[in-house]
Amino acid sequence: MIGARAIILITSMALLCIVGLIGMLVADSAWDFCFFLLTILPLLFGSIVLWRKSSSL
Amino acid sequence: MTSTSRLYRLSLWLHRWCSLVATVPFLILCLTGTVLVFHEEIDAAMGVMPDAPGLSAAQRPLSESVDAILDANPSDKVIYLGLDSEHHPGLLLLNTVPEGDSNFDRARLHFTDLATAERIEAEAGEGMSLTGFLLELHAQWFLGPLGELLGALIALMVLVSLLSGLVVYWPHVKKVTFGLLRRGKGPRLRQLDLHNTIGAIVLGWAFAVSLTGFLLGFGTLATGLWSQQQLALVQSMYAGSAVDPRRPPIDADVALRSALSAAPKGWQVSSILWPATVYSTPRHYTVLVGGSGLDERLVRVVLVDASTGEVAGTAELPWYLKAITLSEPLHFGDYGGMPLKILWTVCTWLTLFITANGAWLWWDRRRKRKAHRSAKEIAP
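These protein sequence lines map, in sequence, to chains F and W.
Count along the first sequence from 1, then add 34; that gives the number in our numbering.
Count along the second sequence from 1, then add 7; that gives the number in our numbering.
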């Protein structure tokens, strides 16, 4: 991913992470897992991207 | 020069210098922060906090616990009582100070078992614990409220560094795919790719933690402002009608029941502050009540008359104290159990890595420029 699309993706992931962090604080236990997934989304996505780029080289 | 390149240059300058200036303090904050995330586990392992006895159906009146502590400390008075059924079920936390004191500077922490009203020995009351020491370093740099403001300044520099980093990354990502680690082109490009990719991954988390750190830096200042503005007004109204602060006519149990009667259904008392402290009046208990979810953090203040047991008034925290109160869990990451603590640790170390390798990138470029300049001077 390159250019504006990459910047939009990075900004969106950052915002989703923040939503996840606040969501976990506000929500009851049933929603905790969903918000936790949002929080770790950038880490998961970044790990996958790094792994794919590294393995394709 | 176009406005775009002017913005880029300004962002590059801000990104470089804010990061470099903040590198060493940020290293200390990351290291202490990593330990502090696990403060509950460390305190429990080191015996600082006693094991919580657990909730019991048979609970003795709070006043019996207060009496037990007063009997054991005849020259002290109780000024604070804390209940935390989530983290310390069945445990009552009490602060005592020498009888003439009204602030927490010389406060000692005591524990009792709610089911038996008997004292529980723990190290928390004896000097400073490891996590207490690290917290003082992390939050105040051993400089008191001034250190908190210094912490806010460091957090601001990290915030500026993050946002300017995004602007600096913009032209870079036009040429290099996100996540690509270029190999065989030297360590500099590889480190730069790692810096950009990891920076993008932790951007949201780092932004949240830096922003909350910035707000927490104003904690003491904001509490002081609130005390001076709102509390001082109420305190002055009751200056002439003080009660005995060691043995108020109305005990803690009555104060608790009165406060709950003025709170929404299902809310709990989290803290009681005795009359004649900096956070109460000479005549009133200050009781903090909270609900569940967000309401657990955004406590309400209930003033209970220590002579009659009547509720004198309730108040919500001002917006700035609400923001600071909510910042605390979002900064320390201790509200989502072990998975969140592990995430906090991983993100902290990743952020520390990009700070260190960013400093290396700067140093490496500077070194090469110097070498290039020297070579030019030597060449005929």
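Possibly wrong hints are sitting among the right ones.
Stated by the list, open to error - Cross-link-like lysine-lysine pairs, in silico, PhoX-like; alpha carbons within 20 Å at most:
#1 181/W / 192/W
#2 87/F / 182/W
#3 87/F / 375/W
#4 192/W / 182/W
#5 375/W / 192/W
#6 181/W / 87/F
Claimed, not checked - Away from chain F, derived, C-beta distances all over 10 Å, residues of chain W:
#7 34
#8 44
#9 45
#10 75
#11 78
#12 111
#13 127
#14 185
#15 211
#16 342
Claimed, not checked - What follows is a set of in silico ranges between Cβ atoms, one per label pair, in the way DEER data are often shown:
#17 61/F / 260/W: 31 to 37 Å
#18 139/W / 38/F: 44 to 50 Å
#19 38/F / 384/W: 42 to 48 Å
#20 380/W / 65/F: 32 to 38 Å
#21 45/F / 240/W: 42 to 48 Å
#22 39/F / 153/W: 43 to 49 Å
#23 31/W / 45/F: 55 to 61 Å
#24 96/W / 61/F: 41 to 47 Å
#25 38/F / 137/W: 45 to 51 Å
#26 39/F / 380/W: 47 to 53 Å
#27 256/W / 65/F: 44 to 50 Å
#28 61/F / 68/W: 16 to 22 Å
#29 79/W / 81/F: 53 to 59 Å
Just so you know, the hints here were simulated from the structure itself, not pulled from any lab data.
A virtual CB, placed ideally from N, CA and C, is assigned to each residue, including glycine.
These are the hints, each one checked on the structure:
no.: 1; hint: 181/W / 192/W; verdict: holds (19 Å)
no.: 2; hint: 87/F / 182/W; verdict: holds (16 Å)
no.: 3; hint: 87/F / 375/W; verdict: violated (29 Å)
no.: 4; hint: 192/W / 182/W; verdict: holds (15 Å)
no.: 5; hint: 375/W / 192/W; verdict: holds (16 Å)
no.: 6; hint: 181/W / 87/F; verdict: holds (17 Å)
no.: 7; hint: 34; verdict: holds (22 Å)
no.: 8; hint: 44; verdict: holds (14 Å)
no.: 9; hint: 45; verdict: holds (18 Å)
no.: 10; hint: 75; verdict: holds (36 Å)
no.: 11; hint: 78; verdict: holds (40 Å)
no.: 12; hint: 111; verdict: holds (27 Å)
no.: 13; hint: 127; verdict: holds (29 Å)
no.: 14; hint: 185; verdict: violated (4 Å)
no.: 15; hint: 211; verdict: violated (3 Å)
no.: 16; hint: 342; verdict: violated (6 Å)
no.: 17; hint: 61/F / 260/W: 31 to 37 Å; verdict: holds (34 Å)
no.: 18; hint: 139/W / 38/F: 44 to 50 Å; verdict: holds (48 Å)
no.: 19; hint: 38/F / 384/W: 42 to 48 Å; verdict: holds (43 Å)
no.: 20; hint: 380/W / 65/F: 32 to 38 Å; verdict: violated (59 Å)
no.: 21; hint: 45/F / 240/W: 42 to 48 Å; verdict: holds (45 Å)
no.: 22; hint: 39/F / 153/W: 43 to 49 Å; verdict: holds (46 Å)
no.: 23; hint: 31/W / 45/F: 55 to 61 Å; verdict: violated (29 Å)
no.: 24; hint: 96/W / 61/F: 41 to 47 Å; verdict: violated (22 Å)
no.: 25; hint: 38/F / 137/W: 45 to 51 Å; verdict: holds (48 Å)
no.: 26; hint: 39/F / 380/W: 47 to 53 Å; verdict: violated (40 Å)
no.: 27; hint: 256/W / 65/F: 44 to 50 Å; verdict: holds (46 Å)
no.: 28; hint: 61/F / 68/W: 16 to 22 Å; verdict: violated (35 Å)
no.: 29; hint: 79/W / 81/F: 53 to 59 Å; verdict: holds (54 Å)
The structure shown violates the earlier hints numbered 3, 14, 15, 16, 20, 23, 24, 26, 28.
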